[in-house]
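S.K.: Residue-level listing of the chains:
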Amino acid sequence: MPVDKQRSFGTFLFALALVSCETAYRPTLRRLDPVGSNSTKVSSENLVAYVEEYATPNKSERAFDADLAEAGILPVLLLLENRGKSPYQITEIELRDEKGHALKRLAADEAASQVRRGGIREAVGWSLVVPIVTIPLAAGLSAAHTADVNSEISRDVKRKTFEQENLNENTQRSGFVFYQLESDRRKLTGLRLVIQALNLETNHLISISSPLPHVQIMRD
Amino acid sequence: MKECKRFSRLGVAIFIGILSGCATFEPGLRPENLNRPRLATVKSSQRGLEVALEEFVTPTKSMEAFDAVVASYGVLPLLVRVENSGTTNYRLPRGQIKASLGEDELALLDARDAATQGAARGYAGNALGWTLATGPFALLIAPLTLTASSAHTASVNKKIEEQFGTLELADALIRSKQTAAGFVYFKLPPATWQLDTLLVEVRPVDDESGEQLVYKFTLPRMEIPVPREMQPRKSQDD
Numbered sequence: 000m001p002v003d004k005q006r007s008f009g010t011f012l013f014a015l016a017l018v019s020c021e022t023a024y025r026p027t028l029r030r031l032d033p034v035g036s037n038s039t040k041v042s043s044e045n046l047v048a049y050v051e052e053y054a055t056p057n058k059s060e061r062a063f064d065a066d067l068a069e070a071g072i073l074p075v076l077l078l079l080e081n082r083g084k085s086p087y088q089i090t091e092i093e094l095r096d097e098k099g100h101a102l103k104r105l106a107a108d109e110a111a112s113q114v115r116r117g118g119i120r121e122a123v124g125w126s127l128v129v130p131i132v133t134i135p136l137a138a139g140l141s142a143a144h145t146a147d148v149n150s151e152i153s154r155d156v157k158r159k160t161f162e163q164e165n166l167n168e169n170t171q172r173s174g175f176v177f178y179q180l181e182s183d184r185r186k187l188t189g190l191r192l193v194i195q196a197l198n199l200e201t202n203h204l205i206s207i208s209s210p211l212p213h214v215q216i217m218r219d
Numbered sequence: 000m001k002e003c004k005r006f007s008r009l010g011v012a013i014f015i016g017i018l019s020g021c022a023t024f025e026p027g028l029r030p031e032n033l034n035r036p037r038l039a040t041v042k043s044s045q046r047g048l049e050v051a052l053e054e055f056v057t058p059t060k061s062m063e064a065f066d067a068v069v070a071s072y073g074v075l076p077l078l079v080r081v082e083n084s085g086t087t088n089y090r091l092p093r094g095q096i097k098a099s100l101g102e103d104e105l106a107l108l109d110a111r112d113a114a115t116q117g118a119a120r121g122y123a124g125n126a127l128g129w130t131l132a133t134g135p136f137a138l139l140i141a142p143l144t145l146t147a148s149s150a151h152t153a154s155v156n157k158k159i160e161e162q163f164g165t166l167e168l169a170d171a172l173i174r175s176k177q178t179a180a181g182f183v184y185f186k187l188p189p190a191t192w193q194l195d196t197l198l199v200e201v202r203p204v205d206d207e208s209g210e211q212l213v214y215k216f217t218l219p220r221m222e223i224p225v226p227r228e229m230q231p232r233k234s235q236d237d
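In the order they appear, the protein sequences are chains U and C.
Residue 0 is where the first sequence starts when you use numbering that gives the first Met the number 0, and the numbers rise one by one after that.
Residue 0 is where the second sequence starts when you use numbering that gives the first Met the number 0, and the numbers rise one by one after that.
Derived from the structure by calculation, the hints contain no laboratory data.
Just so we're clear, the structure is a prediction, and the values are computed from it rather than from any experiment.
Watch out, some of these pointers could steer you wrong.
What the hints assert, rightly or not - Pairs of lysine-lysine, DSSO-like flavour, derived with a Cα cap of 30 Å:
#, chain 1, residue 1, chain 2, residue 2
1, C, Lys97, U, Lys186
2, C, Lys157, U, Lys157
3, C, Lys186, C, Lys215
4, U, Lys40, C, Lys176
5, C, Lys42, U, Lys159
6, C, Lys97, U, Lys40
Turn these sequences into a full structure, and let the hints guide you.
M.R.: Encoded structure:
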């Protein structure tokens, strides 16, 4: 093998090895059952709602491998169960503050953007370790690897997001809803999740309100 | 010419080192295997709800699940399996599982703390391994191996945390004909090498009535191996 190629090959392998393990996404939550110690169960007609906040770093990291509350996002795990014989249309899922104002609800992509990894930062970090000639290589590999991880994060967050579709008789659905917290909020006290659903047989609109517990939000 | 060959070999050596290092944490038990029937250490059934516990103090079992004898480092892992053959739904938050040793209630550890205490690899040991692997270049590239080892150790630690986390019992709503299984981790008092009177209490809640069922288990006596580094050194006279 020519000398230059040997040198490039060694450098390539080394750079590849260094960037390979760094930005992994490894959430560990397997069941989306909101029945932990801070959960509530409320019902109206035949619709039952289980609600649990995921504001604490431990819970958030288990679900998303990131502390979302620190980034100003509150994930709320919701399980809706239709125990009746008529379907419901879920018309609204709002998080309201003490004054009744609704907080901004975020789409899965917006929440995922707070979980995503920053490829350039890691690449620059590695460039301090690897020889100077490998910086473009390390940066390129790192960016490609990070892009893969970010796609995986987007898919995972989307899969865990609550789908606001009609809920048929004797079915249940669970998932996360995400809200933008006010910058000065330090506690969940006073917030309540309000779910409105329309009984598609009787046209009766029902409302379920679940107050969130007294949990401190850790933010810098 | 010779230098270039050396450089290329060095790259390959480090690459192999990293790859082989990445494979240092290889437990055999996978989360998808938890729901399969296993031989329980103790079990009991009430109203169609069976609760089974299996100890993972024994070195062979602990190695299978965590690639380390975690009880030797103060972590008691218990595999909890709950099978609902009845008609009612039950809730089982992890906080409703308590363990005590004699008079002392044991603190429940979350997966990350259990991983850190029970199995996380030391930085210095890995760096030493790297230095040996790089042979004659050891001194020349020592800062590089140390930095890369640190990064690699962080990656292995992340894997260990992931294993503890995915095996951990999640708060579960156990519907009729469903099963929930996973580990709970308790913190053992320092220098506990024997479990004589380990009591475990599991309290699932009937989701409709809110009534709590109480399961009380006494686990058989178990020995915990003392890690080599904590064993008393033999004097030359012995």
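S.K.: For every hint, state whether the structure bears it out.
M.R.: Cross-check of the supplied hints:
1. C:Lys97 to U:Lys186: holds (29 Å)
2. C:Lys157 to U:Lys157: holds (23 Å)
3. C:Lys186 to C:Lys215: Holds - the C-alpha atoms of Lys215 (chain C) and Lys186 (chain C) are around 19 Å apart, at most 30 Å.
4. U:Lys40 to C:Lys176: OK: Lys40 (chain U) and Lys176 (chain C) at ~22 Å, within 30 Å.
5. C:Lys42 to U:Lys159: violated (33 Å)
6. C:Lys97 to U:Lys40: holds (23 Å)
The earlier numbered hint that this structure contradicts is number 5, and it is the only one.
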